[in-house]
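Protein chains: 2
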Amino acid sequence: MSPGVRLIDVDSSDEENLLEEGVRNRRSPRNEPTDFNIPATNDDDDDVDPAFNLNRRSKEASQYESLDYDVCENVLWRRDQTKIKPKFTVRKDFSRWVISLQIGVCTALVACCINIVIEEVSRLKYGFLKRQVDANVLHGDLSIPYLYWSLLNLVPVVIGATLVAYVEPVAAGSGIPQVKCYLNGVKVPRIVRIKTLAVKAVGVATSVIGGLAGGKEGPMIHSGAVIAAGISQGKSTTFRRDLKILQHFRDDHEKRDFVVGGAAAGVAAAFGAPIGGILFSLEEAASFWNQSLIWRTFFASIISSFTLNIILSAYHGLSSFRYRGLFNLGEFAPLPFEYYELPIFMLMGVIGGCTGALWNALNSRLNMFRAHAIRQRWAKVLEAAFVAVLGATFACLMAYTINDCRPLGNDPTEQPVQLFCQDNEYNAAAALWFQTPEATVKALFHDPPGSHKILTLATFVLIYYPLSCVTYGLSVSLGIFIPTLLIGAAWGRLIASFTVLAFPTSIAFVSPGKYALIGAAAQLGGVVRMTLSLSVILLETTGNIGFILPIILTLMTAKWSGDYFNEGIYDTQIRTSRVPMLPWHVEPEYQNLSARHIMARPVVCVRTEEKVQYLLDILKNTTHNGFPVVEDGDDGSRVNGRLIGLILRSQLVVILKRSFYVESSRFWESTVSIEAFRDEYPRYPAVEDLHVNEYKRSGSFSVNMNMFMNPSPYSVEEGTSVPRIFQLFRALGLRHLVVVSSENRVRGIITRKDFLKHH
Amino acid sequence: MSPGVRLIDVDSSDEENLLEEGVRNRRSPRNEPTDFNIPATNDDDDDVDPAFNLNRRSKEASQYESLDYDVCENVLWRRDQTKIKPKFTVRKDFSRWVISLQIGVCTALVACCINIVIEEVSRLKYGFLKRQVDANVLHGDLSIPYLYWSLLNLVPVVIGATLVAYVEPVAAGSGIPQVKCYLNGVKVPRIVRIKTLAVKAVGVATSVIGGLAGGKEGPMIHSGAVIAAGISQGKSTTFRRDLKILQHFRDDHEKRDFVVGGAAAGVAAAFGAPIGGILFSLEEAASFWNQSLIWRTFFASIISSFTLNIILSAYHGLSSFRYRGLFNLGEFAPLPFEYYELPIFMLMGVIGGCTGALWNALNSRLNMFRAHAIRQRWAKVLEAAFVAVLGATFACLMAYTINDCRPLGNDPTEQPVQLFCQDNEYNAAAALWFQTPEATVKALFHDPPGSHKILTLATFVLIYYPLSCVTYGLSVSLGIFIPTLLIGAAWGRLIASFTVLAFPTSIAFVSPGKYALIGAAAQLGGVVRMTLSLSVILLETTGNIGFILPIILTLMTAKWSGDYFNEGIYDTQIRTSRVPMLPWHVEPEYQNLSARHIMARPVVCVRTEEKVQYLLDILKNTTHNGFPVVEDGDDGSRVNGRLIGLILRSQLVVILKRSFYVESSRFWESTVSIEAFRDEYPRYPAVEDLHVNEYKRSGSFSVNMNMFMNPSPYSVEEGTSVPRIFQLFRALGLRHLVVVSSENRVRGIITRKDFLKHH
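Those protein sequence lines, which keep their order, are chains B and V.
All letters in the first sequence, in the order written, are residues 1 to 759 by the UniProt record's numbering.
All letters in the second sequence, in the order written, are residues 1 to 759 by the UniProt record's numbering.
Careful, some of the hints might be misleading.
As the list makes no split between identical chains, a pair holds if one copy fits it or if it spans any two.
With a straight-line cut-off of 20 Å between C-alpha atoms, the simulated EDC-like cross-links for lysine to aspartate or glutamate are [said to hold, decoys possible]:
{"hint": "1", "residue 1": "85", "residue 2": "587"}
{"hint": "2", "residue 1": "442", "residue 2": "73"}
{"hint": "3", "residue 1": "92", "residue 2": "563"}
{"hint": "4", "residue 1": "657", "residue 2": "675"}
{"hint": "5", "residue 1": "83", "residue 2": "589"}
{"hint": "6", "residue 1": "696", "residue 2": "609"}
{"hint": "7", "residue 1": "87", "residue 2": "589"}
Since the hints were derived computationally from the structure, they do not count as laboratory data.
Just so we're clear, the structure is a prediction, and the values are computed from it rather than from any experiment.
Turn these sequences into a full structure, and let the hints guide you.
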């Protein structure tokens with residue numbers, strides 16, 4: 001290797017400083033400068049002192065990059081800004097509102113389609129099954145309806161699982177963890193593509209129709225996010241179309257702001273809860289807020305729930321706006337409660353927190369096992385098919401064996417199955433299974449007291465709890481809101497029954513619907529651990545403001561007791577999938593460290609003017625996404641240079657692709673604009689795909705960074721404490737933070753991965 | 001002056017850079033370095049190029065300092081941190097929750113007291129007046145009740161106005177703008193003191209009893225904020241008590257976090273709207289959020305509305321929790337609406353926006369006039385007394401002249417006044433005035449159709465609109481929610497009446513209560529311009545979730561149309577009182593500037609070790625609150641030094657007061673701790689009150705900054721764009737930002753005032 005490509009030298013004159021504060025230097029000698037020292041994954045350079053007990057950063061983590069929430073204010077950008085007339089600013093602002101409107105409408109349309117398909121097909125399915133049961137129960141041969149049921153579960157689930165496994169694996173699950181990561185500033189690959197949306201929509205419809213223990217709410221929130229990203233960019237990679245409009249919104253910053261609105265619109269559509277929508281976005285992504293973003297987000301969610309309202313009201317033939325949302329739990333009559341019921345509610349919160357924590361623990365064990373054992377695509381499809389049949393089996397077993405007969409006509413059961421009951425009676429155990437889970441939740445909330453035997457409810461909980469646990473994590477698109485609510489509502493009703501048994505006088509106030517609602521809230525709070533947005537969502541879906549205090553009390557108790565054991569299911573999922581999501585606070589291990597202890601070193605820097613060959617070398621030999629630009633050090637090398645800017649990998653790639661060389665500047669300098677970079681967003685070519693002319697490569701062609709680099713990257717002095725740096729990352733949504741000496745010479749670089757011991 | 005006190009030299013080698021980007025140097029030659037150049041208000045140094053049309057920063061602005069939201073991580077702080085055991089962290093976290101609980105309870109208690117006093121005294125007052133009217137109407141001499149009424153208005157108003165004018169002028173008005181400023185990071189003097197709370201509480205009770213056109217909601221939000229600040233500090237300046245607990249919460253950062261919770265608790269108590277409370281805090285102060293703060297805030301508001309609920313339910317003798325909040329608008333029956341009503345609602349939104357904007361414009365003109373014309377305290381009291389009598393006069397005129405008789409018994413009017421009506425009838429015009437404004441709002445919302453003549457409502461609007469406009473800005477504690485709602489509800493009902501007149505067939509759906517609600521929302525939206533929190537507050541107070549879409553639609557239309565003319569009333573007030581509140585976005589004039597164009601220059605710096613005399617000099621001769629600490633420049637002077645830290649005025653004062661000198665370090669160095677600084681918080685002594693020993697002053701005693709300074713202050717390079725710096729200020733709540741050259745040499749300093757053209 002010629003001396004010309006000697007990239008890194010390290011000034012280790014202050015090595016002794018690293019020992020300050022009793023923390024030993026975390027860099028092993030292995031990382032000391034050698035002649036050609038570009039570690040393949042230098043960003044991931046995290047070989048640590050065992051005293052820290054920080055695991056070595058895994059390979060997997062490097063697939064997740066940060067979003068560039070920070071605007072790169074380079075010369076091109078400023079030139080673009082000065083061209084902007086006040087009229088244009090107004091137009092841009094106006095189009096933001098128009099886009100929010102479209103996001104709301106489209107999200108609602110997609111939600112409506114999914115919902116109507118599920119509703120209609122499920123009605124056909126359960127109607128057919130009911131007729132089969134009715135026809136066959138007389139002969140006493142119940143295996144035929146069982147086989148039909150299994151088949152009707154199997155076929156849609158296999159379709160959905162195949163789509164997810166073979167076409168777009170990122171569409172599996174609820175999508176909420178992925179959206180959370182995106183809002184946190186992590187670029188999750190393929191998460192906001194139209195293909196993902198298509199697979200998600202079809203996938204969730206088939207899985208719910210297939211009777212899996214899951215709901216459609218999570219996927220709808222994800223759908224809203226995809227729709228927002230799609231609409232705001234006016235460009236689709238899947239369809240290879242570029243509408244050539246909205247180019248000004250083509251950066252991570254703008255896109256993310258729209259995705260916030262999309263997620264809120266998704267919540268609004270899924271739950272009919274516009275305020276819950278904005279609170280969801282707030283609770284999950286409370287950094288980077290400003291008032292106009294709040295308003296646009298709110299607008300998108302209002303429009304979304306409005307559109308949904310109109311369409312579904314029309315579809316259901318209701319006059320005026322009555323149909324409030326997909327996840328309509330039915331309006332409760334005012335629910336009065338007494339002081340002495342509050343301890344019961346809190347106790348239920350504790351139960352919900354504990355069972356929720358157990359659910360999370362079981363589910364994450366199971367999914368870790370899955371990640372090792374079930375790797376082939378066909379195996380994943382097979383697994384989903386197995387669970388689908390398992391569901392049918394349990395349902396049949398329960399319906400056939402439990403003889404919980406109730407008179408017809410009292411409860412609004414759509415498909416009353418008679419089975420072994422008298423005429424004019426129906427089997428309440430079967431009724432729990434002969435409809436979508438959502439309808440069952442509604443039944444548990446609103447059925448009059450005494451609609452279910454204790455045995456029925458207990459069996460149901462015992463079956464549904466493990467079933468939902470096994471289901472979440474299959475290769476299908478499904479959320480966990482509905483099954484969790486269902487479990488909670490069932491045991492809530494059970495507790496009401498027990499209370500009435502124990503204190504027969506309490507029948508006056510123990511309304512089973514009320515206890516079902518509290519149980520559902522407790523279970524949901526125990527599993528997902530959101531309090532604010534959940535309270536509002538439950539408030540908006542039940543329409544009962546007077547009951548908000550008990551719900552909040554329950555949710556808080558559930559969260560606190562659950563947090564004693566583990567994290568919420570979404571955070572658990574994010575942690576096990578090793579996404580570098582920034583938590584709310586820096587982890588305690590990092591409390592007393594400073595920048596020099598966590599920064600990655602040595603840093604690959606570039607000078608203001610660099611040869612093409614050097615740039616190609618660093619792009620190929622490193623995986624870094626940002627390179628500090630330095631003024632020459634005293635000895636003319638890159639070492640020890642003063643920080644004057646930062647250039648991104650994506651920018652360098654575009655510069656090389658478009659041949660923005662110093663030597664040919666007369667050809668491009670007058671015409672170059674920020675559009676050249678926007679056109680490539682968001683999928684910049686890989687450096688391997690660049691075809692740089694051999695002549696330019698070997699010749700003396702060079703690139704000048706001045707016009708392209710970010711001239712004012714954020715930097716901190718190396719003694720700055722980690723909590724302070726963390727605060728900076730969270731508040732500003734940083735991707736790279738350069739660490740400098742007190743003379744502004746580059747010392748290291750910090751990315752979000754450096755805060756996470758798991759990576 | 002000896003050369004030793006030559007404080008500032010300026011390196012102006014890059015003066016030509018200032019001309020970059022077509023922006024001329026904003027510093028006038030007057031500010032070029034002279035021999036002794038400490039401008040008395042250097043922080044305010046803002047002499048600008050007339051091309052910018054930025055006004056010279058006024059003297060007044062300098063009374064407002066920033067809060068230190070940034071934690072000063074100096075050696076003492078770190079030492080304190082390392083002493084902290086995990087157990088202590090848990091205890092600290094736990095006490096945060098306990099304090100939130102106390103904040104919630106106390107806020108509710110104060111709110112209850114105010115409310116009960118107002119309710120009881122008002123009942124006595126209007127009962128007495130009714131009897132007077134009834135007794136005197138027979139003789140035809142109505143001047144006696146008028147005189148009584150005037151007197152009963154006059155006495156309490158004079159008491160309240162005197163308290164406010166003579167004891168604590170900062171308690172005037174609603175307090176919401178002040179709380180907004182505080183949450184934004186401005187230290188408004190005396191705003192969170194217990195004395196302010198006392199004056200506010202008594203003041204609001206007397207003014208509402210005195211029949212002024214105002215409400216108690218704003219003051220309650222302010223009360224919540226004061227209570228939070230008081231409880232979290234365990235120390236009161238008013239009572240000169242220090243409980244010696246909670247010392248760890250004695251900094252601006254912690255205090256502000258609790259004040260957020262207090263404001264939310266105040267909203268929750270005032271409106272019975274816990275979710276509205278947290279959204280209010282969010283909408284007004286969306287920077288600096290994190291999840292645990294959200295939860296604690298939510299907890300405080302829940303507790304507050306819970307406590308209020310229990311107390312008032314008990315007081316009103318209701319079983320279980322029925323009394324939802326002070327601002328209880330009464331539960332609406334479900335309000336159905338039709339598609340074709342939406343344009344009417346939007347039109348009402350436009351009307352509300354325009355009349356609201358007009359109200360704001362009139363009110364701010366009036367208050368500007370007041371600020372000049374009515375300066376004496378007695379004049380302020382007199383003015384309030386005049387307005388109080390004016391109110392009584394208008395009320396009497398209206399009651400005596402409009403003959404709007406309605407049969408008794410249909411409407412729940414508490415004090416039906418017969419006046420000239422038949423027996424078994426009462427005067428509906430008088431009924432509007434014979435109760436608190438709050439009760440009138442409730443009546444307008446819930447009275448059956450046809451309860452009021454068109455003439456009655458029209459006259460009422462015409463009287464109340466200017467009356468409320470004159471009232472807001474008097475030297476009394478009063479909010480504007482209730483009067484604004486009242487005006488809106490009245491014209492909303494009026495519109496319903498007109499619609500029924502114009503289209504007699506529309507009587508089926510035009511419910512006057514519904515239109516009153518929409519009108520109230522429109523008017524409120526037009527005046528205060530909050531959308532999100534107002535929607536939720538109205539939602540929570542009316543208990544009608546199904547009606548949320550029309551309310552939001554109306555609020556948004558009102559906001560948009562109002563914004564066309566001017567800002568919301570609170571923002572107008574803040575702007576006219578010249579508080580340096582940071583807006584959501586940087587003002588357009590600053591869009592294309594960079595740090596060097598707005599920074600204050602030259603900067604008074606200190607070296608790592610400084611003589612006592614020098615420190616006393618800079619403290620006395622400047623008003624700066626932060627001084628960059630520099631390493632000696634090449635020539636040994638402070639000029640051109642490298643930035644290594646930042647020290648605050650308050651820290652220097654404490655250092656001098658406690659004699660932390662290098663020469664006496666053996667006496668204090670081993671025992672000094674951060675407590676020395678916490679003990680003085682928040683009212684540090686003035687430099688004039690320091691008694692520094694003449695020997696130490698003239699001798700060679702000196703101070704070393706290393707232990708006390710913030711070793712990693714935020715700094716930016718001088719080419720950084722202003723929007724980027726603004727973003728940094730908003731996101732991190734900065735007070736000082738040092739501007740440095742690419743060699744990390746101090747060039748200037750930026751404070752929040754530098755972003756505001758008004759100052």
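A quick look at each hint next to the structure:
1. With identical chains, the CA atoms of residue 85 and residue 587 are at most 20 Å apart between copies only, with a shortest distance of 15 Å across copies and 46 Å within one.
2. Neither within a single protomer nor between protomers do residue 442 and residue 73 lie at most 20 Å apart by alpha-carbon distance, with minima of 53 Å and 54 Å respectively.
3. In this homomeric assembly, residue 92 and residue 563 come within 20 Å of each other (Cα to Cα) only across copies, at 18 Å, whereas the closest approach inside a single copy is 44 Å.
4. Taking the shortest alpha-carbon separations for residue 657 and residue 675, only the intra-copy value of 14 Å comes in at or below 20 Å, while the best inter-copy value is 60 Å.
5. For a Cα distance limit of 20 Å, the shortest separation of residue 83 from residue 589 across copies, 15 Å, qualifies, whereas the shortest one inside one copy, 49 Å, does not.
6. In this assembly of identical chains, residue 696 and residue 609 lie within 20 Å of each other by CA distance solely inside one copy; the values are 15 Å within and 56 Å between copies.
7. In the homo-oligomer, the alpha carbons of residue 87 and residue 589 lie at most 20 Å apart only across protomers (15 Å), although the nearest pairing inside one protomer, at 51 Å, exceeds that limit.
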